[in-house]
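J.: Same order as they appear, the protein sequences are chains A, B, C and D. Residues 1 to 399, numbered by this note's numbering, are exactly what the first sequence covers, in order. Residues 1 to 399, numbered by this note's numbering, are exactly what the second sequence covers, in order. Residues 1 to 399, numbered by this note's numbering, are exactly what the third sequence covers, in order. Residues 1 to 399, numbered by this note's numbering, are exactly what the fourth sequence covers, in order.
Careful: at least some of the hints might be erroneous.
Copies of the same chain are indistinguishable here, so a pair counts whether it falls within one copy or spans any two.
What the hints assert, rightly or not - In the DMTMM-like style, the derived pairs of lysine to aspartate or glutamate whose C-alpha atoms are separated by at most 25 Å in a straight line are: (1) K245 / E160; (2) K399 / E42; (3) K78 / E369; (4) K78 / E199; (5) K171 / E369; (6) K378 / E308; (7) K378 / D14; (8) K171 / D66; (9) K65 / E242; (10) K171 / D367; (11) K78 / E58; (12) K170 / E108; (13) K399 / E29; (14) K399 / E186; (15) K399 / D370; (16) K170 / D324; (17) K78 / E308; (18) K78 / E329; (19) K245 / D192; (20) K65 / D312; (21) K245 / D230; (22) K378 / D360; (23) K245 / D177; (24) K78 / D167; (25) K170 / D360; (26) K245 / D373; (27) K170 / D367; (28) K140 / D373; (29) K154 / D14.
These are computed hints drawn from the structure, not numbers from a lab.
Protein chains: 4
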Amino acid sequence: MTERVVLAYSGGLDTSVCIGWIAAQTGAEIVAVAADVGQGGEDMDVIRQRALDCGAVESIVLDLKDEFANNYCLPALKANALYMERYPLVSALSRPTIVKALVDAAREHGASMVGHGCTGKGNDQVRFEVGIGALAPDLKVLAPVRDSGMTRDKAIAFAEERNLPIDVNKKSPYSIDQNVWGRAVETGFLEDVWNGPIEDIYSYTQNPATPRDPDEVVITFASGVPVAIDGRPVTMLEAIVELNKRAGAQGVGRLDMVEDRLVGIKSREVYEAPGAIALITAKQELENVTVERELARYKRGVSQRWSELVYDGLWFSPLKNALDAFLEEANAPVSGDIRMTLHAGRAVVTGRRSDQSLYDYNLATYDAEDTFDQSMAKGFIELFGMSSRIAMGRDARNK
Amino acid sequence: MTERVVLAYSGGLDTSVCIGWIAAQTGAEIVAVAADVGQGGEDMDVIRQRALDCGAVESIVLDLKDEFANNYCLPALKANALYMERYPLVSALSRPTIVKALVDAAREHGASMVGHGCTGKGNDQVRFEVGIGALAPDLKVLAPVRDSGMTRDKAIAFAEERNLPIDVNKKSPYSIDQNVWGRAVETGFLEDVWNGPIEDIYSYTQNPATPRDPDEVVITFASGVPVAIDGRPVTMLEAIVELNKRAGAQGVGRLDMVEDRLVGIKSREVYEAPGAIALITAKQELENVTVERELARYKRGVSQRWSELVYDGLWFSPLKNALDAFLEEANAPVSGDIRMTLHAGRAVVTGRRSDQSLYDYNLATYDAEDTFDQSMAKGFIELFGMSSRIAMGRDARNK
Amino acid sequence: MTERVVLAYSGGLDTSVCIGWIAAQTGAEIVAVAADVGQGGEDMDVIRQRALDCGAVESIVLDLKDEFANNYCLPALKANALYMERYPLVSALSRPTIVKALVDAAREHGASMVGHGCTGKGNDQVRFEVGIGALAPDLKVLAPVRDSGMTRDKAIAFAEERNLPIDVNKKSPYSIDQNVWGRAVETGFLEDVWNGPIEDIYSYTQNPATPRDPDEVVITFASGVPVAIDGRPVTMLEAIVELNKRAGAQGVGRLDMVEDRLVGIKSREVYEAPGAIALITAKQELENVTVERELARYKRGVSQRWSELVYDGLWFSPLKNALDAFLEEANAPVSGDIRMTLHAGRAVVTGRRSDQSLYDYNLATYDAEDTFDQSMAKGFIELFGMSSRIAMGRDARNK
Amino acid sequence: MTERVVLAYSGGLDTSVCIGWIAAQTGAEIVAVAADVGQGGEDMDVIRQRALDCGAVESIVLDLKDEFANNYCLPALKANALYMERYPLVSALSRPTIVKALVDAAREHGASMVGHGCTGKGNDQVRFEVGIGALAPDLKVLAPVRDSGMTRDKAIAFAEERNLPIDVNKKSPYSIDQNVWGRAVETGFLEDVWNGPIEDIYSYTQNPATPRDPDEVVITFASGVPVAIDGRPVTMLEAIVELNKRAGAQGVGRLDMVEDRLVGIKSREVYEAPGAIALITAKQELENVTVERELARYKRGVSQRWSELVYDGLWFSPLKNALDAFLEEANAPVSGDIRMTLHAGRAVVTGRRSDQSLYDYNLATYDAEDTFDQSMAKGFIELFGMSSRIAMGRDARNK
């Protein structure tokens with residue numbers, strides 16, 4: 001029986017050429033799998049047909065938007081995941097979503113190989129290959145762009161020679177990846193890190209400098225999950241979509257940074273993630289109100305490690321699973337409402353209320369209702385500071 | 001010989017009353033010490049005279065602005081110190097500055113006691129007392145507001161009875177602390193955490209929503225120290241002052257949060273720190289360009305612990321000293337220029353350049369100059385992911 | 001109705017006196033609660049009767065040995081909990097066990113207060129009071145030894161005056177606390193930290209220097225739980241008891257250290273914990289075989305923080321709960337057998353086998369069966385080391 | 001001019017064959033560099049001559065024993081470095097020592113390449129290549145055993161064909177690496193992890209089970225450096241050598257573990273490190289006496305990360321340098337004497353004394369000299385536990 005390759009198919013030049021290229025190199029049949037993670041752009045049916053036209057024996061389009069929102073974006077929100085304290089892991093979250101779909105498709109279609117179109121210097125190759133290896137160690141991975149000399153010039157030549165239905169001249173000056181959680185732009189004139197971004201490169205967000213009226217929103221969370229916006233119940237996907245629109249209209253969620261890639265180099269990245277940034281900002285403040293101090297302090301380190309792991313392609317890994325168990329417990333009390341003003345590029349929390357609040361007006365107030373027993377403080381300070389005080393006294397004597 | 005008390009003197013009602021109150025309780029002479037850490041407000045000479053008028057035997061005004069900037073704000077900048085990832089430690093940095101001045105004054109004036117006017121539910125009492133205990137374990141600390149029943153009503157009665165030169169009716173609805181690194185506002189209607197801040201409470205920053213032209217600034221750092229702004233050499237103090245003005249004029253640096261106090265309660269705090277936020281934002285991005293990935297990852301945890309320690313009053317402590325040694329080494333390569341746009345409440349980095357840059361265009365580019373050897377990636381991924389892959393494969397078999 | 005106090009009762013002088021002392025001070029009735037956590041010593045019925053003879057209106061003896069083993073020692077084993085990398089938290093684990101029993105008894109007997117006999121410089125007062133406050137914030141805590149002047153001399157006078165059935169002359173030169181997880185000895189000549197311990201102070205362990213034959217044991221774990229010894233099924237309590245006996249007979253588990261107390265001082269402590277040390281040693285090595293590298297690395301930090309929290313009296317706390325969730329997940333694959341030789345004070349692992357083993361002979365071997373693809377290493381090293389290599393090259397140029 | 005290769009030369013089969021093999025493959029001249037890091041075994045002059053006999057144009061023997069002890073073992077001692085809490089990094093410390101010597105030799109002898117004889121599945125290849133890349137990015141690295149098909153069979157054939165002066169039949173059943181800091185044994189029947197080690201494989205240590213008299217030793221440290229043994233001044237090297245002898249004679253320092261290699265596999269390792277274990281054990285306890293609690297707690301995490309970095313071949317890296325700065329500061333007060341009994345496989349601390357001691361008898365004692373103010377404890381507990389208490393109370397209400 002002819003072997004089969006499941007190919008992660010985007011509809012673009014590289015993966016369209018991969019269909020014939022891999023077939024030629026391996027003699028295998030190609031099953032193209034295009035995942036809809038909310039990237040917008042071309043109609044998914046057009047993409048599906050293009051794969052067939054390029055020679056795939058099967059072409060499948062999967063609507064993974066809810067799956068992506070619920071099982072990948074939501075854990076990231078529970079972690080308040082921001083790689084390098086800034087980047088909400090846009091591409092890093094979609095890759096394991098796609099990996100799982102590819103592996104499932106390989107099982108269903110009897111494939112023994114999985115192919116992807118990543119180059120050899122990005123993070124995504126790692127996310128694909130470590131993920132596939134974790135879920136299905138028996139599947140062989142093919143990466144023709146990286147491993148079998150499929151350069152852009154060769155790809156164009158291949159496409160023209162075979163009359164593939166792709167416009168080989170259509171080439172963005174940027175490399176772009178987008179999904180419902182956000183949008184990443186890189187390369188082009190951005191590779192000079194002294195150059196500022198220009199307005200042209202943005203798509204999910206309006207110019208924050210344009211005068212407009214602010215938008216006030218109330219987000220309701222239940223155990224870390226956004227469950228309502230302005231009182232209307234929402235799914236996770238709906239929450240992201242609505243906030244992408246509303247926060248995006250206010251220019252919220254633009255990021256421009258130099259980033260540490262897993263493969264050892266630094267790269268310049270511009271991101272837009274209006275919904276993700278609005279949600280994370282809101283939830284962080286709700287945590288300030290509902291999560292106990294020592295848990296909150298420790299959780300920051302957990303969030304950082306979680307973000308690094310997922311950025312590094314280790315979504316499917318034992319440490320990730322154990323950190324998720326920690327985060328599930330830590331998010332249990334994160335319920336309540338956050339009121340937020342979206343305006344001029346900023347998402348600013350202005351109010352918080354929660355049945356789970358640990359903020360106690362009677363302990364905090366300096367007014368008449370004060371119930372805090374100040375006589376306790378002297379003893380606290382004496383013992384809290386004792387180990388430092390003794391040590392610093394010793395060191396002072398040594399000087 | 002009569003014993004002496006060095007009193008941390010602000011010129012306000014509480015510490016003015018403390019002069020006579022402590023004298024009455026202890027029979028000691030009071031040496032008032034007022035520290036100028038850039039808080040602005042009343043003329044320091046007026047404050048100096050008021051202490052004498054209230055009964056102090058000596059009244060000293062110390063200009064600690066450069067000391068504060070160089071020895072307290074600068075280490076905080078080297079740490080990118082943001083407590084709870086947001087608060088730049090405004091009050092937490094001034095307290096150890098003042099503690100050191102108080103201890104020095106106690107030595108100079110032969111005092112055996114040090115007094116402060118803090119209440120028993122804030123962080124500052126801890127910062128004063130742990131700090132004094134660390135630097136001078138022999139000095140006794142007096143805290144009349146907390147420990148000897150000096151309530152506000154009693155203070156007013158005491159002031160009126162003795163005709164102290166203080167306007168006892170002047171009472172801000174808020175509790176405010178400010179210095180050159182920032183400004184903190186609390187209590188009043190802010191104690192209801194569902195209430196948003198109103199424009200009135202701000203002083204260091206203009207309304208970010210007011211339309212105005214953006215301001216572009218280039219900050220030059222040398223080993224983590226800001227040494228020039230727009231090419232003009234600056235001291236640390238000058239850098240903060242200029243950026244307070246320019247970033248403040250654009251509404252940059254407002255914060256509104258519920259915060260975990262050391263004494264175990266949560267409190268609502270509003271901050272303004274335009275210069276601090278602009279400097280930290282700039283330096284973080286310069287670190288993205290100049291600091292190696294693993295060091296950068298570890299440093300984030302160090303910054304968090306540093307911020308907690310300093311917030312918790314442990315400025316003078318062995319762990320703080322050891323973290324400073326780490327940070328000094330980590331900041332060594334953080335040199336170069338950051339270009340930043342200040343506008344509408346945001347400080348946005350738009351360019352970075354550095355002799356110490358680890359961003360290598362030739363490794364990062366996808367253009368013809370690319371020198372990255374992509375053939376290395378396959379082996380990297382294979383071994384990098386192996387431990388996870390084996391473990392996840394085991395776990396899949398167990399299911 | 002007369003108020004009631006539930007008193008943590010040990011049968012010794014201090015808590016016996018507390019019965020009458022608290023009654024005299026508060027007018028309340030005393031319900032004595034003695035918990036059996038495997039401390040051995042006096043018959044629990046004798047202790048029960050003594051409380052009545054000292055004036056308690058109710059006297060309850062609770063056999064908490066299984067509860068202590070299953071719900072306190074076992075989580076500690078899952079954490080491999082060793083405070084300061086050495087101390088297996090003997091007393092720190094029994095206190096929350098007792099706290100929970102006291103609170104349950106208070107509910108059952110309608111008490112509004114809980115009393116304990118701790119002094120003001122140890123860790124146990126914190127464990128009692130923070131624990132009670134967490135489980136039952138409404139219960140008032142009484143600590144007469146610390147707070148109402150009940151010194152030893154006054155306690156003896158009180159006992160003699162009232163003819164309490166206690167031998168007031170019986171005083172160990174040491175302060176001792178023991179339970180099934182181990183035994184702690186402090187004070188006396190040990191307070192001079194240059195003095196070595198003498199053989200007399202030990203009770204759970206034989207002299208390791210005495211020549212004897214070694215004992216070989218095989219411990220079977222299932223998901224971190226010891227389930228069999230030498231093939232015989234055991235409960236957690238039975239596992240500890242058997243290993244206390246067998247490892248104790250070989251002198252295993254003695255510790256002598258200077259320890260950082262929560263109240264800010266350092267103290268000298270001698271411990272014996274043969275069963276605990278044998279179990280932790282065995283499980284650590286089983287983890288080496290069954291836990292993935294990155295999870296294992298992170299877990300070490302979790303274990304340390306867990307140990308600090310529990311030592312510091314924060315058993316009942318949100319961070320502890322979240323760390324437990326992490327540890328539960330991390331222990332899932334820790335199943336298999338560990339063979340261990342107990343001899344001359346050492347518990348030495350000599351063999352490990354597990355269905356969950358991640359040790360793969362075919363990858364590890366240098367023999368003919370080797371399946372490790374060495375050609376992958378070059379690429380791995382190139383990219384793994386790249387960020388360091390670039391940074392060190394930069395730094396070398398700067399010199 | 002003919003190119004030159006500096007070859008890390010051990011005198012064994014593999015590196016002896018490398019001389020001719022590399023010459024044949026590259027046409028380059030070989031400069032053999034043999035480093036004496038205290039491995040003992042063959043006379044270094046014999047090894048030097050052998051390289052020449054095998055075709056090297058230069059053969060250099062470097063006595064790096066003091067360099068190794070002072071600049072590699074000592075920083076490890078300052079870190080109390082134990083990878084996976086057990087392994088004192090024997091080979092991981094010698095590799096950067098040798099790397100630095102190779103790079104220096106390459107500069108001196110005009111070499112453009114460096115060669116090593118490591119296989120592709122161990123850690124040492126990483127340590128060599130990342131280290132060389134960090135110190136001298138321009139030098140090309142050759143690894144013929146891994147990259148150019150130099151299997152053992154081919155090496156033997158090559159040696160016999162060219163009559164190289166090596167006994168090709170001499171093959172230990174184990175793979176052994178040793179230096180003054182310790183000795184590593186792997187492979188052979190140890191690859192079955194259920195097999196216990198046999199007495200034959202040990203060389204640095206006597207059988208701990210053999211009855212003998214204990215040995216008592218007093219080690220004096222100054223800022224973390226061992227400076228005297230039993231009152232006699234020692235260099236770092238002398239300290240290690242003497243303790244290797246004395247602790248080794250008592251069977252101290254044997255380790256048997258399954259270890260996580262950097263290349264992703266688990267391997268079974270047996271180590272002997274009597275001097276290292278004795279020194280680290282002594283210094284850890286001296287730290288318990290002289291290092292402040294919060295610094296000590298943080299330092300444990302630093303030690304773990306330091307050990308992982310060095311194990312992973314990142315000795316020459318920015319994070320390692322910054323951690324060293326932390327450790328240097330943390331070790332400053334670690335001065336004083338530790339008395340220790342070496343016996344039956346155990347190094348047991350029995351006494352500690354130090355001018356820098358933070359153990360304060362008057363605070364710790366329960367005797368009459370007690371100066372600890374117990375009245376402070378109530379307030380301490382109240383505020384220390386408040387955040388947990390409030391949160392647990394909330395959670396109890398939710399149930």
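J.: Indicate which option fits the pair K78, E308 if close means a Cα-Cα distance not exceeding 25 Å: within, between, both or neither.
T.: Both: 15 Å inside a chain and 23 Å across chains, each within 25 Å.
J.: First find the shortest C-alpha distance between K170 and D324 inside one copy, then the shortest across copies, and answer within, between, both or neither for a cut-off of 25 Å.
T.: Result: close neither inside a copy nor across copies, 42 Å intra and 52 Å inter.
J.: Within a copy, between copies, both or neither: which one fits K245 and D192 at a CA-CA cutoff of 25 Å?
T.: neither (30 Å within a copy, 30 Å between copies)
J.: Given a CA cutoff of 25 Å, do K245 and E160 count as a within-copy pair, a between-copy pair, both, or neither?
T.: neither (39 Å within a copy, 60 Å between copies)
J.: Reference check for the pair K78 and E369, CA-CA at most 25 Å: within, between, both, or neither?
T.: neither (35 Å within a copy, 41 Å between copies)
J.: Between K399 and E29, at a C-alpha cutoff of 25 Å, which is it: within one copy, between copies, both, or neither?
T.: neither (77 Å within a copy, 31 Å between copies)
J.: Could you figure out if K171 and D66 sit no more than 25 Å apart (CA to CA) within one copy, between two copies, both or neither?
T.: neither (30 Å within a copy, 55 Å between copies)
J.: My question is about K399 and D370: at a cut-off of 25 Å on alpha-carbon distance, are they close within one copy, between copies, both, or neither?
T.: This pair counts as neither: shortest intra-copy Cα distance 45 Å, inter-copy 28 Å.
J.: Checking an output row: K78 and D167, CA cutoff 25 Å. Within, between, both or neither?
T.: This pair counts as neither: shortest intra-copy Cα distance 41 Å, inter-copy 51 Å.
J.: Classify it for me, K78 with E329: is the Cα-Cα distance of at most 25 Å met within a copy, between copies, both or neither?
T.: The answer is both: 10 Å in one copy and 18 Å across copies each meet 25 Å.
J.: Within, between, both or neither: how does the pair K245, D230 come out at a Cα-Cα threshold of 25 Å?
T.: within (14 Å within a copy, 37 Å between copies)
J.: From the Cα coordinates, with 25 Å as the cut-off, is the pair K154 and D14 best called within, between, both, or neither?
T.: Intra 10 Å, inter 43 Å, cutoff 25 Å: intra-copy only.
Of the numbered hints given earlier, the model fails hints 1, 2, 3, 4, 8, 11, 12, 13, 14, 15, 16, 19, 24, 25 and 26; all others are met.
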